[in-house]
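K.L.:
Now for the letters of each chain:
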Amino acid sequence: MTAHSHADGAAIHRRPGLIKRLAASNHLAGWAFVAPAVILIAVFALIPIGWSLLLSLQSNNLIAPGHYVGLANYRALAKDPLFRSAIGHTVVYTVIFVPVSIVGALGLAVALNRKIRGIRFYRLAVFVPLVTSTVATGIIFLWLLDPTFGLVNYVLSLLGLPQQQFLQDPNEALYCIVAMTVWGWLGFDVIIYLAALQGIPTELLEAAEIDGASRWSAFRSVVVPLLGPATLFLVVWSTINALQLFDEIYVTTRGGPLESTTVIVYYLYQQAFQFFNGGYGAAIAWVLFVAILIVTMFQLWVGRRRVYYMS
Amino acid sequence: MTVQPIAAPPERFPRLPDARPGGRTRLPFSPWHLFLAPMAAVMLVPLIWMVIVSLETQQQANGFPPVLIPTSLHFSNYPDAWNAVPFAHFFINSALYSLATVAGNLLFCSLAAYAFARIRFFGRDVLFVVLLATLMVPFQVILIPTFLIVKDLGLIDSVGGLIMPNLCSAFGIFMLRQFFRTLPIELEEAARIDGTSRLGILFKIVLPLSLPALATLGIIQFLWSWNDFLWPLIIINTASHAPLQLGLSTLQGAHFTAWNLLMAGTVMSQLPMLVIFLLAQRWFIRSIAFTGIKQ
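Just so you know, the sequences run in chain order A and B. This note's numbering applies: residue 1 is where the first sequence begins, and numbers increase by one. This note's numbering applies: residue 312 is where the second sequence begins, and numbers increase by one.
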């Protein structure tokens, strides 16, 4: 038999049983290729997921082996006023952070989608904060917002506005955290929106112009709907990240003043690694996970009904 | 008969003709500058201020009103910060952590992604979904057990303990699999007929064609590892084993009133990433845009 140009086809004609051997070598090869990844992910992700569920049913101080207490941790969480206020702070933070950063990013992206002189400098200026770490952001803003020596209060005094306590004021601290995290993350949203804006076919906007649409109504009726997929992605992504806020809190306020910036993950950190309530911490993590899951699924459900995909 | 001039083609949305000569605007520059310049200032002022304070003396830094333009540049803050905490160790630990996780991800995710994309093996689809499911679980859920596992492996307080859990992520597998599937399969089939092993196909054909995706994965992983804070916070106890961001926070803990020193330390810790970003802007931006555009 002459060899054909298709590997497996020729093999079939050449010798029976080769299919079985090739198939077997496929299974072996496949598993050999995925083995390192599977082992690593099994050990450092899959097993911890299951273990953490078990941990949440234990009383465990992370040093000695724990003992099972059933749903006691979850029942305690339901009654825990500190946990409830942590949820409140996290929700307030998220509900402000997500819309502010998305709307702000959209406006910035539209402004940056120009061919004016210096646009590359402006874009760079918006993107640079993205590569600074959360720790650096926290330290810089801690100093900027210092009530006595900070630059922001100095500028306020020049404008004749009253001095603020910012991160030392229980009523203002959380909003300061919003400001600093928006500063740090805006560039990400802008990049996504810029890329999406540049993917909008110009014919659609020209057609709108011919139909007599003003620039603003063309923006509202053509551009914004076409940015639907990008907006959905950013809403889901920003929400998931906002609900997991931790680093900036640790570096700036440590949950204070007066616990006003204690968010869920910070509370988890305190419980698990400062008070050594490992089981309690695990339960908090699972509640957070379920909350994120529900919120994300809701957002995707809304998105499915309202987002228009071009292709 | 006079020749009618051909009308200029309509200006293209949304790249508007901004500085219209003789048009409505009376400014010599585009009105967009009035919005963009303050925005750029807001984004850059914190960083510029960080640099300015890092060059002031402690009296200037802790003075009110703030010294906006220091009369002399107090560069000695930098060696002082460098010596106040083990900065050299911080850099080395971060470099090891970042490079190892990038290498690990590129290698293991490529192997696995290639198998998921091109090899039909038993349980492939179920396994893929299971691995992908790990992406949905927030890190805080696995934080405590991973800490216990790393403790049992004896890797607490070591760079190895930082690296091990981050050597391979389902995100990389997913991204590379999607990319590999877009490559034309004929090249690989031809190589298969020629007798090249699957490993050979991966390394000699598929990977060279996948450099953009590999670069994206590498950049994302590098940035993530370099700026990681929570995991090092949990497992590192000794200052000299800390990576950069954790180390920076120890500087903050030890010298929180010496803001000039602290800013110098912050500048030093952010400089590598800033430089890399400025040199490789296009790759960064492309990588980030890529994560948002996947179908």
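Keep in mind that a hint or two might mislead.
Computed, partial: chain A to chain B, Cβ under 8 Å [stated by the list, open to error]:
no. : residue
1   : Ile41
2   : Gly160
3   : Leu268
Just so you know, the hints here were simulated from the structure itself, not pulled from any lab data. Where is the CB? At the ideal position from N, CA and C, for every residue including glycine.
K.L.:
Now, for every hint given, state plainly whether the structure supports it.
P.N.:
Comparing the hints with the structure gives:
1. Ile41: 6 Å, holds
2. Gly160: 15 Å, violated
3. Leu268: 6 Å, holds
The structure shown violates just one earlier hint, number 2.
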